[in-house]
Amino acid sequence: MSDSLARGLEAMRAQMDTRVMSYMSSCVHCGICAEACLFYTETGDARYTPIYKTEPLRKLWRQEYTFWGKLAASMGLSSKLTEQDLADWEELVYDGCTMCSRCSLVCPVGIDIAYMIRKVKEGLAAAGFSPEGLVEAGKRAVEIGSPMGVTLKTLQATIRVQEKETGLKVPLDVMGADYMCLLSSGEVAGFPEFIGSLAKIFKATGVSWTLSSDYFEATNTGVQLGNSKMAATLLERVVAAAEKLQVKYVISPECGHAYTTLRWDAPNIIGRPLPYKVVHIMELLDELRRDGRLKTAGFADEKLSYHDPCNAGRRGGVLDQPRKLLNMVAPDFVDLPETGAMNWCCGGGGGVSSNERADELRLQVFSAKKRQLDAVNIEGLVTACSNCRHMLEDGLEDNDMHDIELLGITELIADHLVEERS
Amino acid sequence: MFANLVDGIFWDVALWVFAIGVLWRILSIFRVRNKPDYSEPRGSGFAGAVGANLRRFIPRSEMITRTRLQVVAGYLFHLGLFALLLFAAPHVLFIEAQTGLGWMPMPYWAFIVAAQLSFIGLMLLWIHRVMHPVTRLISDADDHVAALLTFIVMLTGCMALIEQFDGLRVFHRFTVELLMVYFPFSRLMHAFMFIPSRAFTGAWFGRRGVKA
Amino acid sequence: MSSSKRSRIRHHRMVVFSLLSLLVLTLVLPLIPHAVAELGESTGRVANPGTELWRDVRQRDRSIVGATQVKGVDSGVLINVHGEDWRQFRMQQLIPYGAALMGIVLSVILLFYLVRGPLRMQGGASGKKIQRFNVFERTTHWFTVGIFWLLALTGLVLLYGRFVLIPLLGPDGFGLTASACKEAHNLFGPMFLVAILMLFVTFVKDNFYVRGDFTWLLKGGGLLGGGHVSAGRFNAGEKIWFWIAVSGGMVLCVTGLILDFAVLGQGREVMALSHVLHGIVALVVITVSFGHIYLGTAGVEGTLSSMTTGNVDEAWAKSHHDRWYAEVKAAAADADETEPGGVASPAGEG
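Protein chains in written order, with our numbering: chain A, 261 to 682; chain B, 2 to 213; chain C, 9 to 358.
Don't read these hints as lab results, they were simulated from the structure. Do not rely on the hints blindly, as some may be mistaken.
[Said to hold, decoys possible] Now the stretches of chain C that chain B is said to cover, found in silico as 3 or more residues with beta-carbon under 8 Å:
{"id": "1", "stretch": "143–150"}
{"id": "2", "stretch": "178–189"}
{"id": "3", "stretch": "194–202"}
C-beta: ideal position from N, C-alpha, C; glycine also.
Construct the complete structure from the given sequences, taking the supplied hints into account.
Dropping the structure here:
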């Protein structure tokens, strides 16, 4: 057996838990998961069937935990998991899956397929079968502190621009602040107004916050790759930065996967409870709204809708908050068909957008999102994830849908803030 | 001779293999090491576990059009089968003879209707499995054997309905014994495993405040 | 002699005379009808007093239903007078002619295959595929096939089993088999109605007459030589088969339901008639299905895949259903034009 396969098998073996065993015993191969997955529905390619994408894990389970599998393996009969299998599944798992978990919501026997995809990635990554673009992003995340190579210097430059534009100070390394905010590189590079918007909102609502110069990256390439060691390394930096500044909360910015990682997976990846609470920026804004601290005036005049980022909404549980916030500023609001927890993935999450090899595929499957948008006549689409926003931009451009403006929710709220008399 | 075996030792073996096999399969999922969940829940995992078990019986509205054949045929088959298994008069009498527990069987016409709906569901599902590119790709021998065996059990049962020839009853019981021995080692375990699976997923989403 | 003595003697004479007269009358009177009968018929036969009754029971002179206190259909009819006719029809005509029909047609098909061979695609397979039947159409077709063959085989056992299977299984074995087949046949019968209705709804829209159908028929569909003939999605032969299958299927279902559920108020005559119709139509549909199966498998190269994978070679489409092929190509071209991304519809496995 080659080293690569041995590493892959060992990594996947460590992933076997009761949930996986239960799921593997339940699947009846009904194919309903495929009908929920945009990579299947928009391409017609049966190989993107979600449960089929977990085939390497299933094969390992079968040959090591089932009667027929063990019997066949001992007689040299069955098709054991091979290195070729791992190689063949790389494209299906990394290009053809964003771990959006829409499949997990529709399986009649209750299988959380996305949960298992994450585990398959551990095997593929350990065996060395991950997309080059994503591997490079991981290296940058570990070495530079950002998968896109955004350095502290770049961040500081961006902060200065935002401070100039808003006339407000963006706090950096404030000891004892209540909230430490993380940022996704995508935001810093593409939508820096987010930072300015935070400054405006927190000033108006009197929130004590800070950024950290030690570590500011919200996203976790380790999770996208399926490399738990890398994921833990990156998360320990967040914990260290938060502990150093003695903050009570860490804010997960406009991002989907960052939220599930920081809020829900982090304590399990590092193996202990977190010394702080984690909130999505939308959760915090909604809390401020409920407390009456967040006041807005005026309304957006465009007809707007909202795209639920899969990992913030369906997989993170932040579903009501954006709508309550939009209720304040968008009187002409309409939900997309098949929205909320059943929203269609933008197609770019989970590392897919960092993987150049998947560019053509993710644009092809954008037709699912296009179908949703075509059903409503909107002028603006609001979202709460910078990666979704990039993907939506690409998709709208590719489909010549120039009439729809893309908006970040924090910025939209900030634009309608009632200014405090200083 | 064969009848004596089928009514005697074969039945005992089948019953024990089934009971022990099913129990072993269910308990064996707990034989792996599990990591605890340190995250702070937003909602109740228990409520999510129970909720998912109930909610997943009803397909989501977004999925109904795409999956109408599986849903309709699936329900025809399963509901018909449960009706046959538990409320067909010959079965009720059999169970009463074996366990002492008896209940009101369904009338003859209801049996016929249940059997027909069950057959329609099973045949449509299996044919669709072979015809649809997704299920054609992901199906394996286990799926086909399970479907065939179930079909044969149902067919032999119906062939023996008028209880005129003991040979037909014996053949039906024999196919049932084959199914019982096959059951714990196959996909048919989903009949039990769907409960913990839905529970785990429901709990996971429930902790996040999402109704799964 | 005194007058009282003369009265007593007269009285005695009257009594004796009366008794003697009574004796004579008693002996003679019953002989009168006999004498009359003797005078009327000089054949020597004795008339059976029950003759009238049984003449009516056998309904020899007229159709008559008796009155009875027993409540039920047909209870006024003691003997089904057409029963023997029906039995004779089944044994002497339905069974042998049915076997002959099936045997002859099978032989003709075999001969045709050996002599003519399979029909091939013009120019051979191109390697490019287009979709002919989608998942639901194929599922409906094979669902109907499954039920049809289960019914056909069990039905044929009911009709021919005693000749073919008793030698093999013995009378007890055959009894068991026939009982099993009858139960299965009765159970699956109503399901066939569901299948036929599904089949009808799924395929009817392309099975109506269009211009060119008659020409296709006149040219024999190219089966007997003369090259390929133009056709739409379904040619005239396929359409004829569709309507035979559906109408035959409906007759089978209706007569089958009459036979299966004997409690609906039908009498024995209705049942016998239904059985005759059921048997004839079943044998006809089975026989025609041989042709359908032949053409769908060995008879026309490249056809079977239309019902298995759903796809056919473009050369097959061009050869056998050129007008349908042109429509499909035109629709695909339209779709390409309106799609900004230019995403072609995936033919693939679909």
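Verification of the hints:
no., hint, result
1, 143–150, "holds (count 5)"
2, 178–189, "holds (count 5)"
3, 194–202, "holds (count 5)"
Checked against the numbered hints listed earlier, the structure breaks none of them; every hint is satisfied.
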